[in-house]
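Peer 1: Throw the hints in and build the complete structure from the sequences for me.
Line order of the protein sequences matches chains Y and S. My numbering applies: residue 1 is where the first sequence begins, and numbers increase by one. My numbering applies: residue 1 is where the second sequence begins, and numbers increase by one.
I should point out that these hints are in silico values taken from the structure, not numbers from a laboratory. There could be a bad hint or two in this list.
No copy labels: a pair is met if it fits in one copy or bridges any two.
In silico lysine-lysine, DSBU-like type, Cα no more than 30 Å apart, as pairs [said to hold, decoys possible]:
#: 1; residue 1: Lys-52; residue 2: Lys-282
#: 2; residue 1: Lys-248; residue 2: Lys-90
#: 3; residue 1: Lys-336; residue 2: Lys-22
#: 4; residue 1: Lys-22; residue 2: Lys-64
#: 5; residue 1: Lys-52; residue 2: Lys-64
#: 6; residue 1: Lys-90; residue 2: Lys-336
#: 7; residue 1: Lys-248; residue 2: Lys-336
Computed from a prediction, not measured in an experiment: that's the story for all the values here.
Protein chains: 2
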Amino acid sequence: MKTLAVNKAAKTMEKNGKGARKRATSYDVAELAGVSQSAVSRVFQDGASASKEMRNRVMAAADKLGYRPNAIARGLITQRSNMVAVVISKMTNLYYPEVLVQLTQHFSERGVRVLLFALEREGDTATVIEQMLQYRVDGILTAAMFTPEQLRTLQNEDIPIVFYNRTLKDQLVSSVLCDQQEGERWLVDELVNAGHKSFGIVEGPADSVVSIERKTGALNELAELGITDVTTVSGDYGYETGKECFAKLIQKRGSPPEAVIAANDVMAIGCIDEAREHFRLKVPDDISIVGFDGVGQARYAAYDVTTVRQPVHRMTESAASMLIERIENPELSPEKRAFSGTLIRGSSARLRSDDS
Amino acid sequence: MKTLAVNKAAKTMEKNGKGARKRATSYDVAELAGVSQSAVSRVFQDGASASKEMRNRVMAAADKLGYRPNAIARGLITQRSNMVAVVISKMTNLYYPEVLVQLTQHFSERGVRVLLFALEREGDTATVIEQMLQYRVDGILTAAMFTPEQLRTLQNEDIPIVFYNRTLKDQLVSSVLCDQQEGERWLVDELVNAGHKSFGIVEGPADSVVSIERKTGALNELAELGITDVTTVSGDYGYETGKECFAKLIQKRGSPPEAVIAANDVMAIGCIDEAREHFRLKVPDDISIVGFDGVGQARYAAYDVTTVRQPVHRMTESAASMLIERIENPELSPEKRAFSGTLIRGSSARLRSDDS
DNA sequence: GGCAATATTGCATCCGCATGCAATCCGGAA
DNA sequence: TTCCGGATTGCATGCGGATGCAATATTGCC
Chain Y
1 MKTLAVNKAA KTMEKNGKGA RKRATSYDVA ELAGVSQSAV SRVFQDGASA
51 SKEMRNRVMA AADKLGYRPN AIARGLITQR SNMVAVVISK MTNLYYPEVL
101 VQLTQHFSER GVRVLLFALE REGDTATVIE QMLQYRVDGI LTAAMFTPEQ
151 LRTLQNEDIP IVFYNRTLKD QLVSSVLCDQ QEGERWLVDE LVNAGHKSFG
201 IVEGPADSVV SIERKTGALN ELAELGITDV TTVSGDYGYE TGKECFAKLI
251 QKRGSPPEAV IAANDVMAIG CIDEAREHFR LKVPDDISIV GFDGVGQARY
301 AAYDVTTVRQ PVHRMTESAA SMLIERIENP ELSPEKRAFS GTLIRGSSAR
351 LRSDDS
Chain S
1 MKTLAVNKAA KTMEKNGKGA RKRATSYDVA ELAGVSQSAV SRVFQDGASA
51 SKEMRNRVMA AADKLGYRPN AIARGLITQR SNMVAVVISK MTNLYYPEVL
101 VQLTQHFSER GVRVLLFALE REGDTATVIE QMLQYRVDGI LTAAMFTPEQ
151 LRTLQNEDIP IVFYNRTLKD QLVSSVLCDQ QEGERWLVDE LVNAGHKSFG
201 IVEGPADSVV SIERKTGALN ELAELGITDV TTVSGDYGYE TGKECFAKLI
251 QKRGSPPEAV IAANDVMAIG CIDEAREHFR LKVPDDISIV GFDGVGQARY
301 AAYDVTTVRQ PVHRMTESAA SMLIERIENP ELSPEKRAFS GTLIRGSSAR
351 LRSDDS
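Peer 2: Written out as structure tokens, the structure reads:
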């Protein structure tokens, strides 16, 4: 059987005469070290038993050959790819990039690789699901919505999923989210306390769950406070539409509202610019404008947007943990973790008079 | 042998009594369809020969079982993972997220999956390389620099690499880049033509090749035009350091320069804010400030940064193609593709008087 | 020093699919 | 109807590593 190993390796060698040498396999290392392939395999595993002597011999041989365990082959036999799919959609908040990098780092620290899927729009999930399934990802972290049927498919395959900033009401799924409604309530309270009575709402793309949440949050609170003068227009989260929306708002109601609630900071910035540029309005003297997210740009001195900052770091950390836990223990039941944002009082909105 | 297949499948079944059914394999499909596993394999391949009748039977069985070819197993046998590694570093331009999404989409369209690696700093490449190698990616697209030794390792393994916005002088590597130096020359020309004689340069992180390129580009052109009053400070591409750098600049030279050249738009914005806020300088009346990249924020009305826009779409498209071509044909020699940016004349810099 | 308990090591086999080769099938030409 | 060439199909095997089991080497303990 030693002979067998030798033959195997020899055959491998001759097949690649001068051209690109094949990458070394555990058999090659085993042969060079004069041990069995299993031994090599064990040396490169965590909890496996191998004597010091063995470890040294194998490692020496491995170094000499530039051997690296083949994660693909390992995945095939262990039924664990150690990869998770991360799904984001393109026309989403400018703020997701940050999320993406942090997520990747969190996963990376725990030995999990990220297979990235970027959707053109939140709806394009079909082919992506097929891909994720074919690559046998161990889990899915998504910032895009899936249809109930897709969800069922994934459940059938026992692939844990964690939703990022989205969730399903009628279904048990794991999700990490920032309490959008709460945040909007804070903003509305702030604005109402400052004495504003007429409102404009700039919502995001129709298929964005987050945008819907924010809108309803704001509308509910406004209704509760007895404010009825509310006009809504919708954009796509981008700067340009922020500007357009502001103009539409004015056109729609004839005059500027006292306050504008934008679905995100970028559109809020668009509104501010449009208000200043085309309508000669002073922010916040003539009009208050608030956003959501707490992205970097919201802090630019020219805008200093009043907003609610999402605790991105804690959220990504939590999402990664949650997914990994469910990969390691599939029995865990779904869980929703909602994080509160932080109200950032910038200078784009009038402050409430009573500073209670 | 029909019997054999039956046994195999039967064994599989019994192993998973009630618990999670195992995912269907090509054997399961073969059995249900009453054909051989090879047949199933062929039906799910592109150029393979299979009769219409066969195709139908197999597909019917596959549908019934929810079968999906296992890309991991396929990768093992074909020696092609159909995955590429994309490496980005965190503290890099805010502008990369856009790049990332576009790259992913380009790859996706061509049937290639993206394994994402996010570095804390551009230097943290060591472990990442190990990972990429273990996962047997077919190619690497990197927006971070590798050491010559790492490069050698990758070359030994015959993994094609394409560098994004970085390259090596003394070595043949494929890269896609925006001509940073050219862009800076344009900006400098613009500023000098407008009559500016004293300059401040805000460079990026020391380990950013792009930043170095931009700085040298600017310095060279300034020298060529006989401008010697140049002060340099360095930041990290972020807004905050943009502000700090501007202050440092003034402190260093006692008075504001007539023009500031920032290594990217975000820092340019920081400079503008600091100039306005703390030094009561009017932009561009008292001072001209230019950036680089042409990110979204540069177009915000409050800044309207004069800058050079990188043709991101063409660059990502080109990078993806270049890598895929080299995966399909490893003999292709390295190639550098340099794209020209587009000068965007915003209002953050004085215009040249002669409008030639 | 002798023996049981424990730690190492090797063997054989499997993970799920692709593919060269041989066997079989089919249609058309003679 | 018979024969031939191309199209289909099945068989056997391999990709690179993990792992249960059995054989062997070590160790500790009395």
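Peer 1: A separate judgement is required for each hint: does it hold in the structure or not?
Peer 2: Hint check:
1. Lys-52 - Lys-282: Intra 74 Å, inter 70 Å, cutoff 30 Å: neither.
2. Lys-248 - Lys-90: within (25 Å within a copy, 38 Å between copies)
3. Lys-336 - Lys-22: between (48 Å within a copy, 28 Å between copies)
4. Lys-22 - Lys-64: This pair counts as within: shortest intra-copy Cα distance 14 Å, inter-copy 40 Å.
5. Lys-52 - Lys-64: within (18 Å within a copy, 51 Å between copies)
6. Lys-90 - Lys-336: both (25 Å within a copy, 29 Å between copies)
7. Lys-248 - Lys-336: neither (37 Å within a copy, 47 Å between copies)
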